[in-house]
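Could you build all of it, start to finish, from the sequences and the hints given here?
Residue numbers (the working numbering), protein chains in the order written: chain A, 178 to 520; chain G, 7 to 630.
Keep in mind that the hints were calculated from the coordinates and are not lab data.
Because the structure is a prediction, the values reported are computed rather than measured.
You can take every hint at face value.
Derived PhoX-like pairs (lysine-lysine); straight-line CA-CA distance at most 25 Å: (1) A/Lys475 / G/Lys265; (2) G/Lys352 / A/Lys449; (3) A/Lys467 / G/Lys361; (4) G/Lys286 / A/Lys338; (5) A/Lys408 / A/Lys510; (6) G/Lys548 / G/Lys506; (7) A/Lys338 / G/Lys10; (8) G/Lys264 / A/Lys475; (9) G/Lys352 / A/Lys191; (10) A/Lys475 / G/Lys361; (11) A/Lys449 / A/Lys475; (12) G/Lys577 / G/Lys516; (13) A/Lys467 / G/Lys264.
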Amino acid sequence: MSYKTWDEISLEQKVAARLLKNHISLHRLNHAYIFEGVKGTRKSEIAEFFTKAILCKHLDESLNPCHECDHCQRIDSGSHPNVFIVKPDGQMIKKEQIKSLIEEFSKTSLESGPRVNIIYEADKFNLSSANSLLKTMEEPGEDIYQIMITENVQALLPTIKSRGEVIHFKELDRGIIREKLQSIGIDASYANPISQYTSDISAAVEIANDELMIEIIDLVIDVYEAMSDPKKSVIITFLENGGKVIADQSRTEFFLDLMIIFQKDIIQSKLKNDHICFYSHHFLIESLSKKIDLNTAKDHLEKLLELSMRIKYNINKILAFNELLMVLERGYKNATQSRRNPI
Amino acid sequence: MSYKALYRIYRPASFDEVAGQKHITQTLKNALKNDRVAHAYLFSGPRGTGKTSIAKIFAKAVNCEKSPIENPCNVCENCLGISDNSISDVIEIDAASNNGVDEIRELRDKVKYLPGYVKYKVYIIDEVHMLSTGAFNALLKTLEEPPQHVIFILCTTEPQKIPATIHSRCQRFDFKSISNADIIDKLFEIAEEENIEITEEAVKQMANYAEGGLRDAISLLDQVYAYSPKSIDVDDVNEICGTVSVVKLIEMVDSIVKKEPARAIKLLGDLISEGKEIKKITLDLIDFFKNVLVYKNLNKLNEFSIYDSLDEFKSFAKELSSHRLFMILDVLNQTLNEMNWSGQAKTYLELAFLKMTDQETSDSEAMFEKIDELKNRIAYLENNRNESVKFIPSSNEVKADEYKKEIIKPAVKVKEDVQEDQTIEEKEEKEITKVDPKKDEFEKPSTKEKIKEDMCGDISNTYDIAFVEEILNNGDVKDRMYLNDEWQGFERGLVDKDEKYLASLFETGKVVASKKNKIIVTFSSATICNKLMVPDNKDVIKRSLYNKFNRDMDYMALPTNVFEDITNEFKEHYLKGEKDIKLSRIYCEGLKDVSNMKSGTEEREAKIVSDAKNIFGDLVRIKE
Chain A
178 MSYKTWDEIS LEQKVAARLL KNHISLHRLN HAYIFEGVKG TRKSEIAEFF
228 TKAILCKHLD ESLNPCHECD HCQRIDSGSH PNVFIVKPDG QMIKKEQIKS
278 LIEEFSKTSL ESGPRVNIIY EADKFNLSSA NSLLKTMEEP GEDIYQIMIT
328 ENVQALLPTI KSRGEVIHFK ELDRGIIREK LQSIGIDASY ANPISQYTSD
378 ISAAVEIAND ELMIEIIDLV IDVYEAMSDP KKSVIITFLE NGGKVIADQS
428 RTEFFLDLMI IFQKDIIQSK LKNDHICFYS HHFLIESLSK KIDLNTAKDH
478 LEKLLELSMR IKYNINKILA FNELLMVLER GYKNATQSRR NPI
Chain G
7 MSYKALYRIY RPASFDEVAG QKHITQTLKN ALKNDRVAHA YLFSGPRGTG
57 KTSIAKIFAK AVNCEKSPIE NPCNVCENCL GISDNSISDV IEIDAASNNG
107 VDEIRELRDK VKYLPGYVKY KVYIIDEVHM LSTGAFNALL KTLEEPPQHV
157 IFILCTTEPQ KIPATIHSRC QRFDFKSISN ADIIDKLFEI AEEENIEITE
207 EAVKQMANYA EGGLRDAISL LDQVYAYSPK SIDVDDVNEI CGTVSVVKLI
257 EMVDSIVKKE PARAIKLLGD LISEGKEIKK ITLDLIDFFK NVLVYKNLNK
307 LNEFSIYDSL DEFKSFAKEL SSHRLFMILD VLNQTLNEMN WSGQAKTYLE
357 LAFLKMTDQE TSDSEAMFEK IDELKNRIAY LENNRNESVK FIPSSNEVKA
407 DEYKKEIIKP AVKVKEDVQE DQTIEEKEEK EITKVDPKKD EFEKPSTKEK
457 IKEDMCGDIS NTYDIAFVEE ILNNGDVKDR MYLNDEWQGF ERGLVDKDEK
507 YLASLFETGK VVASKKNKII VTFSSATICN KLMVPDNKDV IKRSLYNKFN
557 RDMDYMALPT NVFEDITNEF KEHYLKGEKD IKLSRIYCEG LKDVSNMKSG
607 TEEREAKIVS DAKNIFGDLV RIKE
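In structure tokens, the structure reads:
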């Protein structure tokens, strides 16, 4: 699913699209770009599109590449001689890779026209390879353009960063992900929390198609329902179905993140904001939010965040969850009791 | 010719064009003019401060046809040749990719050949910190005594990685980060050359963002120009950098200051959907609150700050207490820290908003005030209690029970006082009335004292009632309150241990009346008063009072109960409408005439005696 026009890109990355397009229209192509943004912002697809726009000789009026000419097709198939791709060799981008790159650029090209070098996962440079790129990066040969793609711009050397033009890719709008999920037939009550959980479309689709993950969303709601019901015990509710949560690390984190989203909904409802994610359960959220004060809700959120940090380490998950749920339950049930018979 | 980035086009061509780094350009210019060029230089400093640029200018200047000359002429064949890289005698080596021993050996071999076109062979070794240890050592000998015609310029961002043996063979120049003022000037200059329309605010924001790297700033200008070619204002810059516009930031700060978490969280949501990074937002908030704090304390701002002209800014500084500012900054800093370790950045910031707008914690300032008040009350109560308890043995013992009751009663009253939160004046009145019931009890022992008065001797030399009269008749309530507020830190500036002890003893007292240069201070026991009234000790205290309040002050130390008696008497007269009230002499069992005493041993002895008297009463006999 690659991009066909600038307009498509601009739906998702308005600023980046406008910048890159202007660079081409004004003939002010910079010699080095650093594409930076979190996972799922489709940086590499945009980089590919941008490469086409640089190399294609048949740009239309709105500067879209034709996708049909010799150049475009060879870029699509990854065999264009003027496009160099560097990917980490194992864990790191090694110095030899950069050396051969520099060597390549010191010669004249096989085919006339601009040359583009795309470096994926540029944060994986090791110290010597990053440093050997510095000089070439600052003053490469004529008509040579570099695009570095990274999820973690902080990990780049400051000297590298200051030599390239950093283009920030913003997180995908949650609305886009939600629409995408709904378009493949996911119910809104699930699509909403999933779109809040991740900004990566493909990951979101994967979750939505996973039975177990959907069950975990149900479990979160069950747990909070048990909190509002004085006859039910939260811990027992959790233990009955929690096995699947504990079994797998990614599921545990998913469960906790959803708990956090739900807790935030309660706070939002307390603050009378209508930005509620679990909208299909808003009655439950409202009734819960009436039972506790803002401070307790805040403490609960803090507790959840703390556990979401700790859960990454090797801890006893069952105990950790029991403790957490006990603390949360106390917040609701004690409050209701004390209201019934004020002492 | 393809497009060149602005920072490559606007590399300075002479020393005078270099932004900042006056200390370096001046030195180099003088060296060139006087023909005292060293054979090896080491340039170090952060990115984008002009190391490579100055190295290139220097290479041109030494080889210029018109040399010795301060600046390269940029018109002669040599200069032009070096500029367009056609003269192979100025050699730029990228040490990062040629960092092995072999490359350095090769260099060493070539060094001995004479230059082809110009006077000097200049080796510019960039990123020199990446050389391997072997390579560094291979370079040492050449660097120490290169042939006449060779100059080395080593450039690096990390001078600490370079061996000391290299350091000591070079003249080292440390490049400073370029100041915002210089960056702003340079950006305006380039904008004018390139016919870019740009607002002043936008330039300031860029300079802020660049953090001292001119290359970053010019790259940014390049980028923003591509983003909106017609004209650039601060919004464009914010959009590109992901920084938050001042207007939005102020709105957010406003919602925090006014404790409206709902609004703050909503604004955050808006900003995030605009594509701002959460971490940047946090950093911007920290920066803003930091500036508020600076403004609050210094009443001025860094002149290149983007906030200066805004009225809201000033009102925030007024509205926020330092306590709350520190609290906010703490919360934000902690949040920033936690963000680094967690994927839940947004939630953490929302939580921070809740914390910052929390009614209870942010009212901590009011809490502190209350605590201070309570402390004062407790100290006051304790003083009273000590006095009364001490009094018991020397007076009628049958009355002991009644005393205890009296002690408890005022304590209850005080609690009510604090809750009612009255103004100080009102409380004062109550204090006096509160004392009243005690007065009857005190009277009896005081009649006894009158009999003993002759035994105690005349103490008017030390405890002169005229002094008290003068102050009470012309009291200054505001000054007294001020002194009590500042009543601490007397030890500061004192060295001697005994003096420090005196100062800390003095600190336990409470100013009860003040008149310009004369004050009355009350203490829990007569012994302390005696000690503090010894002339030598008095001088020490006076000195520390002068240090603290910057004015000469005389004081009289009185036990709390004695002063109460005096105020009662004064009040009686005062209510009758008398003026220039005369009071009866001061008398009290514990007080002594100390006007001739010396500090130190004698005094201590006197203390022992009086302590013994306190415990054993009349049974004490003193033998010389």
